[in-house]
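Asks: Using the sequences and the hints, build the whole thing.
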Amino acid sequence: MDFSWPQEYLDYKARVAAFATAELSGESRENDATQTFPRHLWEACAAFGIQGLSLPKAYGGKLEEVDFMRALLAMEALGYGCTDNGLAFALNAQMWTVQTPILHFGSEAQKQKYLPGMAAGKIIGAHALTEPEAGSDIMSMQLAAVKAEGGYRLTGTKHLITLAPLADVVLVFAKTNPKLGGWGISAFLVDRGTPGFTTSDKMDKMGMRSIHIGSLHFDDCFVPADALVGGEGLGFSIMNHSLEYDRCAILASQLGAMERQLDGAIKFARERKQFGKSIGSFQAVSHRIADMKLRLETSRLLLYKTAWLKQRGDAARLEAALLKLQLSEAFVASSLDAVRTYGGGAYLGNGGVERDLRDAVGGVLYAGTSDIQKNIIAKFLGL
Amino acid sequence: MKELITNYIINEIHGGDPDLEIAPEDDLLGSGLLGSMEMMRLVEHLEQTYNFRVAPQDMAIENFMTIEAMTNYVTRVTA
Numbered sequence: 001m002d003f004s005w006p007q008e009y010l011d012y013k014a015r016v017a018a019f020a021t022a023e024l025s026g027e028s029r030e031n032d033a034t035q036t037f038p039r040h041l042w043e044a045c046a047a048f049g050i051q052g053l054s055l056p057k058a059y060g061g062k063l064e065e066v067d068f069m070r071a072l073l074a075m076e077a078l079g080y081g082c083t084d085n086g087l088a089f090a091l092n093a094q095m096w097t098v099q100t101p102i103l104h105f106g107s108e109a110q111k112q113k114y115l116p117g118m119a120a121g122k123i124i125g126a127h128a129l130t131e132p133e134a135g136s137d138i139m140s141m142q143l144a145a146v147k148a149e150g151g152y153r154l155t156g157t158k159h160l161i162t163l164a165p166l167a168d169v170v171l172v173f174a175k176t177n178p179k180l181g182g183w184g185i186s187a188f189l190v191d192r193g194t195p196g197f198t199t200s201d202k203m204d205k206m207g208m209r210s211i212h213i214g215s216l217h218f219d220d221c222f223v224p225a226d227a228l229v230g231g232e233g234l235g236f237s238i239m240n241h242s243l244e245y246d247r248c249a250i251l252a253s254q255l256g257a258m259e260r261q262l263d264g265a266i267k268f269a270r271e272r273k274q275f276g277k278s279i280g281s282f283q284a285v286s287h288r289i290a291d292m293k294l295r296l297e298t299s300r301l302l303l304y305k306t307a308w309l310k311q312r313g314d315a316a317r318l319e320a321a322l323l324k325l326q327l328s329e330a331f332v333a334s335s336l337d338a339v340r341t342y343g344g345g346a347y348l349g350n351g352g353v354e355r356d357l358r359d360a361v362g363g364v365l366y367a368g369t370s371d372i373q374k375n376i377i378a379k380f381l382g383l
Numbered sequence: 001m002k003e004l005i006t007n008y009i010i011n012e013i014h015g016g017d018p019d020l021e022i023a024p025e026d027d028l029l030g031s032g033l034l035g036s037m038e039m040m041r042l043v044e045h046l047e048q049t050y051n052f053r054v055a056p057q058d059m060a061i062e063n064f065m066t067i068e069a070m071t072n073y074v075t076r077v078t079a
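If you read the sequences in order, they're chains A and B. Going by the numbering used here, the residue at position 175 of the first sequence is 175; the numbering climbs one at a time, nothing skipped. Going by the numbering used here, the residue at position 44 of the second sequence is 44; the numbering climbs one at a time, nothing skipped.
Any given hint might turn out to be false.
What the hints assert, rightly or not - If you want a taste of the chain A side facing chain B, the calculated C-beta under 8 Å gives, among others:
#, residue
1, Phe-3
2, Met-139
3, Gly-181
4, Phe-236
5, Arg-317
These are calculated hints, taken from the structure and not from any lab test. Heads up, the beta-carbon is just placed ideally off N, CA and C, and yes, glycines get one too.
Replies: So this is what it looks like as structure tokens:
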């Protein structure tokens, strides 16, 4: 067993962290307060090559083939350097739940139409799965795609969709044959401006406020047959395939955020004086920070193991569930510990510490709640 | 292989239910014999048992709707 990384990977990770620190963090507080999406930062990420990390060179990436471990380290570094956790979250959402499904399941025409533009930051894509009555129970989705002359007619609503108000194209899951249950779900690419397809305004939310979420409405919306991704009935496979990549990469950015948070807490605990001493010299504080370090490193091990399995092409369903549960809950716990360490200043919003806490809460809900992750773990244990 | 899959579903997913009968042509997901998570667990069991990987594009109704279809698919890709 070898836990080391190739030096070139670490060098790249350092370059991403430096880029994110210098270019992506200056507006975080204001964009959070005003719920402003930083389009220019999205484009700066594309120019640096972030969105292209999930694509081979033929479709806008920098490398001949996707290197998932390298991409994972880059997303970790992005989370470390970029204090806007929402931006890192949304980048990951597009990269792994829109670009990756198109890359693996899409037609050549679909790849050419969307992927280079997404890599260049010119096209924004959203992944649309959740519905008002189908959250954790996703197989009960109601959005219908009925076959019509030359294509399909979509009717229904998607809900809580990241980037929905901004997206140029959505990868939407719909039932093409309700009688077949999970096998009757298909995926379609629908462009903004398609008659019968509208999106809501951005919704107010607790955290990751720079990234807009909203609803999609399909009212007898006709899409041509070539909007279908991968063939009828492949929706179940498409959603499962992308979820493990998505969980790894989004959580990598959260891991980076946890490391940034830990470094900040250590620095603060050394500098802040009370009762004539640094507060870090009090065990009540230092033990809390030790807990943060333990959560960070146990999460890191699970993350790297899961990513390693994915890189090898192995199944990582149980590991991905363990990782999602551990890391998202650890981020909430460590964010609260960071607030306790910083004290009243953090509560007032200084330094972004409370923003991390608000952002972290979303992690125990999206892409499968913590309860759902426990269900998956239990199922894989034969319970 | 049909027997192995049937036994796995009965013993590992349905707790050895003695009254459960599954025919090779039964729709596993559609009939509720398997939920989506159990289906993924069964797929992982097949991958480990027969030392192969199900390509994402193959995870489709024609290959996994029934025990019969699974048997045919695994036999074909592992040949």
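Asks: For this structure, which hints from the list above don't hold up?
Replies: 1
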